[in-house]
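Engineer: Chain by chain, the residues run as shown.
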Amino acid sequence: MATDANAAAGRGSVRRLAGSLHRRPRLRLALLLSAPLLWLAVLYLGSLAVLFASAFWTTNSFTSQVVRVWTTDNFHELFTTPVFREVVVRSVGVALAVTALCAVLAFPVAFYTARVARPRWRPLLVVAILTPLWASYLVKVYAWRLILSQGGLADWLLAPFGLSGPGFGLPATVLTLTYLWLPYMILPIHTALAQLPANLLDASADLGARAGRTFRSVVLPMVLPSVAAGSVFTFSLSLGDYITVQIVGGKTQLIGNLVYSDIELNLPMAAALGTVPVVVIVLYLLAIRRTGALNSL
Amino acid sequence: MHLGRTARIALRAGAALGFAVIYVPLLLVLVNSFSPDRSASWPPPGLTGHWWSVAVHNSGARQALWVSVKAGLGATAIALVLGTLIAFAVTRHRFFGRDTVSFVVVLPIALPGIVTGIALNSAFGTVLQPLGVGLGLFTVIVGHATFCIVVVFNNVAARLRRSAASYEEAAMDLGATSFRAFADVTFPLVRSALLAGGLLAFALSFDEIVVTTFTAGPGIETLPIWIFDNMTRPQQAPVVNVVAAVLVLLSVIPIYVAQRLSGDTATSSRV
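Chains as they are written, first to last, in our numbering: chain A, 1 to 297; chain B, 1 to 271.
Hint data in this document are derived by calculation from the structure and do not stem from the laboratory.
Fair warning: there could be bad hints in the mix.
[Said to hold, decoys possible] So the derived label-pair ranges between C-beta atoms look like this:
no., chain 1, residue 1, chain 2, residue 2, range
1, A, L207, B, L27, 41 to 47 Å
2, A, L283, B, R162, 31 to 37 Å
3, A, M222, B, F19, 22 to 28 Å
[Said to hold, decoys possible] If you want the ones that stay clear, here's a sample from chain A, every Cβ over 12 Å from chain B, calculated:
no., residue
4, P36
5, L51
6, F56
7, V83
8, L96
9, R145
10, Q150
11, L163
12, P171
13, Q195
14, L224
15, F233
16, S238
17, D262
18, A287
[As the list claims (entries may be wrong)] On the chain B side, residues computed to face chain A include the following (Cβ under 10 Å):
no., residue
19, F34
20, V54
21, V56
22, A110
23, F206
24, L247
25, V252
Model, not experiment: these values are computed from the prediction.
All C-beta atoms, glycine included, are put in the ideal place defined by N, C-alpha and C.
Please model the entire structure based on the sequences and the hints provided.
Structural biologist: Spelled out as structure tokens, the structure:
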């Protein structure tokens, strides 16, 4: 009996709590948001803010301890040292090259999976594009280390032509990064091509355009926003990468490597270097946003 | 578009080449794990299962796998809770700064891993060290959870946007408390989205190396870190080959699960 009464009272208080929460949407919202915002805004954004503030600090050259004195020396050094400029230009160049290569390689694959292959097979082909994304990043880079190593698959394939593989270095880095991010480019292009209304293509053909003309004047303009959307991934993922370069890049250095090598001894300089990819990516996103591509992400 | 015969053949060839480029490296990793040779020369001089039995007993790799699983489970649990909370807040409420919240959620994965990594590293150093808490598995989980929130959020928010709030209102009109409505109506609606998001979060954490490098304490080695450290040691190469092959084989599991879950959320965004 008593337990029944307790249970009833319990149910009543649950009901009261639910009711009072229901009447106060602001309170509900606050309860929903407080924990995640504490995590993201305080822990994450707070850490980022301190990091970027520390880009304006300096270090004691003997102890490598961070000295909290406001100075723009790091940025001055960043813009005036030829090595840094060279590395920044090289990193942006690599990111652009990877993006261009991905776009060129992705187009025939996406065109085939979206419009040429039998409709029955298309979902399966999409899965086949997605599958490598689940394979470990490091294993994929390692695979390219195996391919490009001396006497590896690349050497073996090119030997009949009297050539040898590119070995480790800048071309290997571009190649490997292209491989890593290719699915991110294929998928948006596939989606755009699959959604292309067939009657637009028919209309173009009725008006006398051949396949090439239809491609240039109808298909390409409608697919470009998706290429831009895919390029957000290929560009920003390439720009921040430093592991791939370490594994297949030989002595090549990109921004990430410079940041990495400065962390122990000169954190403020590492922070200043770290702002470079962030700024470039934000500028890239702003430029892309003008094409309206971010809505199709 | 009426493609000519040659155009069709060219596209087929291009696509075949594309798929070959995608899959040959993964197959190579599988074949290479059976190579008796320590070098990566092609073709392998023979095939042997010897290194597989050596790798099974490699304590370093096994420990690293275990650490990776623990970090992945911890990060996924946190991401599931926080991501779902934000998804409900953003889709079921209107408030000032709603777009900013969605933006901040994406930020940890949009910024280069090394930036997130050193930011968290120096924050942990300045805040936790004075409290006597050093870097360890705990800090790895915190770091991973930060960039895993977005995948749970994306999946759950997408589901909530498509399922109208009127179902919950109907349940409450029929006398259910909001808790009861959540348990009986809302939760079953988002369950598969939670599964998909959780799966993605775990995969993301399991695969992560950069943030891990900066948040792991001494002695805490996840599987990617173990592979990275041992990759360039010729002595360890055969074991690394086997571990890499295992990871390629394991990647089939999430694909299978993702296909079993209703396609919409699972196949959409890995990001």
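Engineer: Now look at each hint and say whether the structure bears it out.
Structural biologist: So, going through the hints one by one against the coordinates:
no., hint, in the structure
1, L207(A) <-> L27(B): 41 to 47 Å, "46 Å, holds"
2, L283(A) <-> R162(B): 31 to 37 Å, "34 Å, holds"
3, M222(A) <-> F19(B): 22 to 28 Å, "25 Å, holds"
4, P36, "4 Å, violated"
5, L51, "4 Å, violated"
6, F56, "14 Å, holds"
7, V83, "18 Å, holds"
8, L96, "16 Å, holds"
9, R145, "7 Å, violated"
10, Q150, "8 Å, violated"
11, L163, "15 Å, holds"
12, P171, "15 Å, holds"
13, Q195, "14 Å, holds"
14, L224, "17 Å, holds"
15, F233, "7 Å, violated"
16, S238, "10 Å, violated"
17, D262, "10 Å, violated"
18, A287, "15 Å, holds"
19, F34, "13 Å, violated"
20, V54, "18 Å, violated"
21, V56, "18 Å, violated"
22, A110, "7 Å, holds"
23, F206, "8 Å, holds"
24, L247, "4 Å, holds"
25, V252, "8 Å, holds"
Hint violations for this structure: numbers 4, 5, 9, 10, 15, 16, 17, 19, 20, 21, all remaining hints satisfied.
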